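Undergrad: Residue numbers for the sequence shown follow full-length UniProt numbering, beginning at 1 and rising by one.
It is possible that part of the hints are untrue.
Claimed, not checked - Estimated spans, in silico, between C-beta atoms of each pair: (1) G224 to G131: 19 to 29 Å; (2) Q10 to N328: 26 to 36 Å; (3) Q10 to D136: 49 to 59 Å; (4) T296 to L332: 40 to 50 Å; (5) H188 to D255: 45 to 55 Å; (6) L47 to E285: 52 to 62 Å.
It should be emphasised that the hints constitute simulated quantities derived from the structure, not laboratory data.
This structure is a prediction, so every number in the text was calculated from the model and none was measured.
Backbone N, C-alpha and C fix where the C-beta goes; we use that ideal spot for every residue, glycine too.
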Amino acid sequence: MYPDASAAAQAFAPARLTMARELAGWLKRDLAEAIDRTAAAVSQYELGQSRPSAGTLSRCADALGVPVSFFTVGRPQLHLDTAQAHFRSLRATTATQRQQALAHVELLWEVVEQLDRVIELPAVDVGIPMGIPHGDPAAAARMVRKAWTISSGPTAHLVRNLEARGVVTTRIPGLDSDTIDAFSSALHGRPIIALTYKGNPMRQRFSVAHELGHLLLHPEPVPGSPQHEREANAFAAEFLMPSNEIRDQLPTPVDIAALKELADNYGVSTAALVYRGKDLGVYSESTLRRVIATLTRLGWRTHEPVNSGYPGEQPELLRLAIELASANDLTLPALATRLHIGLPRLRALIGLSEARPKLRLIHGAG
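Work the whole structure out from these sequences, hints included.
TA: Structure follows, in structure tokens:
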């Protein structure tokens, strides 16, 4: 049993147990089995109807991979549910998968809240007001490009621009990227765009622009709404591939090599570009189907090659904030202690790789 388990049991916060279980992607019955209790008992703990003993709380900590102090009161907590986030599809994911993703964002919000106490994060200003619906997706995309002084050509440094404008962009570790592509939320005034590791860097850029579209067009999320998804796609398409310039550059007749070169130039996938050509009336439905079939045969729908090994745009805001906070006495270990989470989990959450060198012993000849 942990030495501080008795104190943690006295200061037990039911919502923290729920968060830890959801971070693990577990159902109540999974946790019950791991700690040798019933699912009904776990429900009572999470509802605050009963309090786990110090021994039970220690077993919860071991099973869920958090310090026992994680379960205590005293920290601000954001609670998100599915209705407060922009998810692409509710059919493609289970409730447990969505709650796991949201729990990561809840914990990330606590990281941001702690950092905001010691350093000044960028103010939220994406170019046009947030919190009100902007009706026409293409018009909204053009307004944002103008506010960002992108007169023509590709939208460069998309993630960097968003982070400089106060939007936290992050990759969530440990999620099923086959079912969850990206999602976003803007509770408490700090928008967060959460990405998984699905798709190549060009597809991920479209996902970021898609989520920006949601944040601007849909202040009231309707997860899985086909109309909202179409509008977010239309925003991203105009933002990354402006109609007034891309239309004349699309190769006719279609040539895969030429499409690929143009797609790379604008930082989008070849599939996104050919769909854009169809939407703009440059390509027919039959042409679209033929090109998509070719891309599927090439394996480009899931693993399109990226020229020169381009790693894609990587979130930097939290890493830079951590570095600045460390210079102001909030080191990474100190932040992990404040949040009552292990250092490896914190590093993974903010996208820091494990930097420790590995010791390798070599047997001598003698």
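Undergrad: Now tell me, hint by hint, if it's right for this structure.
TA: Each hint tested on the structure:
no. : hint                     : in the structure
1   : G224 to G131: 19 to 29 Å : holds, 22 Å
2   : Q10 to N328: 26 to 36 Å  : holds, 33 Å
3   : Q10 to D136: 49 to 59 Å  : holds, 56 Å
4   : T296 to L332: 40 to 50 Å : holds, 44 Å
5   : H188 to D255: 45 to 55 Å : holds, 49 Å
6   : L47 to E285: 52 to 62 Å  : holds, 53 Å
No hint from the list above goes unmet by this structure.
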